[in-house]
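Q: If you're matching them up, the sequences are chains A and B in order. Take 1 as the starting number for the first sequence in UniProt numbering and just add one per residue. Take 1 as the starting number for the second sequence in UniProt numbering and just add one per residue.
One or more of the hints may lead you astray.
To be verified - Taking lysine-lysine and the BS3-like style, the derived pairs with C-alpha atoms no more than 30 Å apart in a straight line are:
1. A:Lys217 with B:Lys271
2. B:Lys333 with B:Lys311
3. A:Lys240 with B:Lys311
4. A:Lys271 with A:Lys333
5. B:Lys240 with A:Lys333
6. B:Lys271 with B:Lys240
7. A:Lys240 with A:Lys217
8. A:Lys311 with A:Lys333
9. A:Lys271 with B:Lys240
10. A:Lys217 with B:Lys217
11. A:Lys240 with A:Lys271
12. B:Lys271 with B:Lys217
13. B:Lys217 with B:Lys240
Quick caveat, the hints were computed from the structure, so don't treat them as lab data.
Protein chains: 2
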Amino acid sequence: MDFPSSVGEVTPRTLRLDRPLPLHSGASLAPVDLVYETYGTLHPARDNAVLVCHALNASHHAAGHHADTPRSEGWWDNLIGPGKPLDTRHFFVICMNNPGSCFGSTGPTHPNPATGQPWGADFPVVQVEDWVDAQARLLDALGIDTLAAVIGGSLGGMQALAWTVQYPERVRHAAVIASAPALSAQNIAFNEVARRAIVTDPDFHEGHYLRHGTVPKRGLRVARMIGHITYLSDDAMASKFGRELRNGHLAYTTQGIEFQVESYLRHQGDKFSEYFDANTYLLITRALDYFDPARAHGGSLRRALAAARAKFLVVSFTTDWRFTPQRSREIVKALLDNRSEVSYAEIDAPHGHDAFLMEDPRYHGVLRRWFGRIAQTLSGAKELQA
Amino acid sequence: MDFPSSVGEVTPRTLRLDRPLPLHSGASLAPVDLVYETYGTLHPARDNAVLVCHALNASHHAAGHHADTPRSEGWWDNLIGPGKPLDTRHFFVICMNNPGSCFGSTGPTHPNPATGQPWGADFPVVQVEDWVDAQARLLDALGIDTLAAVIGGSLGGMQALAWTVQYPERVRHAAVIASAPALSAQNIAFNEVARRAIVTDPDFHEGHYLRHGTVPKRGLRVARMIGHITYLSDDAMASKFGRELRNGHLAYTTQGIEFQVESYLRHQGDKFSEYFDANTYLLITRALDYFDPARAHGGSLRRALAAARAKFLVVSFTTDWRFTPQRSREIVKALLDNRSEVSYAEIDAPHGHDAFLMEDPRYHGVLRRWFGRIAQTLSGAKELQA
Chain A
1 MDFPSSVGEV TPRTLRLDRP LPLHSGASLA PVDLVYETYG TLHPARDNAV
51 LVCHALNASH HAAGHHADTP RSEGWWDNLI GPGKPLDTRH FFVICMNNPG
101 SCFGSTGPTH PNPATGQPWG ADFPVVQVED WVDAQARLLD ALGIDTLAAV
151 IGGSLGGMQA LAWTVQYPER VRHAAVIASA PALSAQNIAF NEVARRAIVT
201 DPDFHEGHYL RHGTVPKRGL RVARMIGHIT YLSDDAMASK FGRELRNGHL
251 AYTTQGIEFQ VESYLRHQGD KFSEYFDANT YLLITRALDY FDPARAHGGS
301 LRRALAAARA KFLVVSFTTD WRFTPQRSRE IVKALLDNRS EVSYAEIDAP
351 HGHDAFLMED PRYHGVLRRW FGRIAQTLSG AKELQA
Chain B
1 MDFPSSVGEV TPRTLRLDRP LPLHSGASLA PVDLVYETYG TLHPARDNAV
51 LVCHALNASH HAAGHHADTP RSEGWWDNLI GPGKPLDTRH FFVICMNNPG
101 SCFGSTGPTH PNPATGQPWG ADFPVVQVED WVDAQARLLD ALGIDTLAAV
151 IGGSLGGMQA LAWTVQYPER VRHAAVIASA PALSAQNIAF NEVARRAIVT
201 DPDFHEGHYL RHGTVPKRGL RVARMIGHIT YLSDDAMASK FGRELRNGHL
251 AYTTQGIEFQ VESYLRHQGD KFSEYFDANT YLLITRALDY FDPARAHGGS
301 LRRALAAARA KFLVVSFTTD WRFTPQRSRE IVKALLDNRS EVSYAEIDAP
351 HGHDAFLMED PRYHGVLRRW FGRIAQTLSG AKELQA
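Excised from the complex, chain A in its bound form:
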């Protein structure tokens, strides 16, 4: 194998849906712009497409870089590219920004056609299942009937799981990574605190801050700081920061910075508040809260996943306390009870929930072998092996 390299410079494209997108809440969204990127080449047999689903604060920009933008590597660039585990020499990779997000696809910062003003808090509630429907419409437009695979981590894993039951005939393989079949009460609680920080920021103006020329940055900062704590493991924080003081000695300050971990969190919060939309944060954390495929099946995840025809890969990380291995095992158990084909890898990695974005050799080894086996099944497999 050649040394893995980048997919290089990439350019996002936009699809405007010609029909409204019906939402599972009963509402409907129109117009809908879907911003997406693709990497690699679609085979003439159109059988080598892999859909990558993004999580809370990511976008369609999963790999490569944007022209004239330094440090613009995609959020899963370590995974996707020529010679990488999701090898763009074999696969045509698609990543789409979900509606409700704030990176180009129709979302709360876009004009509400009814008023001409930004949607703001009036943007309809979108759910994981709505995103899957929107992604399916994109595939329709690209002329792709069946996915070789769908893959996602965290909230992206929920989308991958939903794909297998909403469009069972359109997805041959599904990788559900660092995910859960539904949030726990504690997960919801963390989301709710973050939302309260945003909603009670006086600059939030009930979600119509753009009309007021403000941004609820204070709330976004706190929300992001809370999130970051849940993405990292206790051990990862201990080894990264420990109790290290910022200035080597105590300053005796309650409002200033004493410990390095405080400096790190504040920096993450500041950065986030500069680029992320507050209403999007509310919408996406609600999509997380709402996801619960078992609910419509009397609480039975097994029955909820009965329609799935895909072959599954489920991956969890030992130090992920946000979506613990136990939650992944619930998915595996339901799939096994259904006699679905499923592989499960529990990766002993120190990084907590964030591990799914990192380049752990055991984790990437699992994905490399999984995608390698899928590549063998493609129409162009013989030439690729030659």
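Fit chain B to the given chain A structure using the hints.
A: Relative to the frame of chain A, chain B by itself:
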């Protein structure tokens, strides 16, 4: 044994220290009022005093009730009383509100003698060791040279631990419950997010909100919600709330309440913001952050605890993810390495960190037996046994 009962109606008292209280930061505090309560009777030999140390949001009011105040039971009323594990028929129990707090002892809502205005953010930083010094001054005033025992949970456990090295000759037994030898980076991180929520509330006015006639309630609410999540175990939240919807069906709201756990957290935040002082929250979370007896001993907890002469009881709870059993075992190991006498109980309780406040039969059984053995050593033990 008679049926356990309450200590009944209690009245707080106030001691004004006649000399300034030197603080470990180098500052000094004067005047200092110390509000405290006592339960039971001091033996003529003055050997049956037990000091109870309070944690973040508690006060001197540990047991009994206040006259004409419904539902004013003390915060550890299930532990302290006639026939209870800390039996006031044998022991003279003292609980003092720590300086910097907001329940009567000198704190940031009190006037700064230099200005006549409330201290606010100018109140000096107080640390666990300062509280221990203040508690020792109270004992001096009460004519108590040696404690039969000191006991505390969480931040209170840190005070109990500090007692044994600051005043090794004055404390015969120490119970350190659901505590830690120092906060982890993750613990500090949670404190810091809570502080940022308070400090960035526009009503905070850099800590001088009382002069502005405001209270940073938004920040206090968020801070308390974060705290509550860390006090409960994931399992406790799951069994208490699960994914139960408040109204039985989804309302599709990002700003309103969908799940019962959200309703609970908001209620806790609202209540807290009505009675707790924001500067006190900053001061006390900083006292937690700063506590680290090993720091002055090259990181060696063993050396830090070498001066201790007390007999220890260390208790942890299996589902406490804030101060895990592992942290308690660090204390136990350091004590054993010093050949100190230590008993350790790891209680399999589902309630998380909050378990130390609850009436778990195994937990209370451990404390009952421990205090029972101490009672045997008291001067009045023979009459009590008769």
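Q: Against each hint, give a clear statement of whether it holds in the structure.
A: Hints and how they fare:
no.: 1; hint: A:Lys217 with B:Lys271; result: holds, 26 Å
no.: 2; hint: B:Lys333 with B:Lys311; result: holds, 14 Å
no.: 3; hint: A:Lys240 with B:Lys311; result: violated, 36 Å
no.: 4; hint: A:Lys271 with A:Lys333; result: violated, 40 Å
no.: 5; hint: B:Lys240 with A:Lys333; result: holds, 25 Å
no.: 6; hint: B:Lys271 with B:Lys240; result: holds, 19 Å
no.: 7; hint: A:Lys240 with A:Lys217; result: holds, 26 Å
no.: 8; hint: A:Lys311 with A:Lys333; result: holds, 14 Å
no.: 9; hint: A:Lys271 with B:Lys240; result: violated, 36 Å
no.: 10; hint: A:Lys217 with B:Lys217; result: holds, 18 Å
no.: 11; hint: A:Lys240 with A:Lys271; result: holds, 19 Å
no.: 12; hint: B:Lys271 with B:Lys217; result: holds, 10 Å
no.: 13; hint: B:Lys217 with B:Lys240; result: holds, 26 Å
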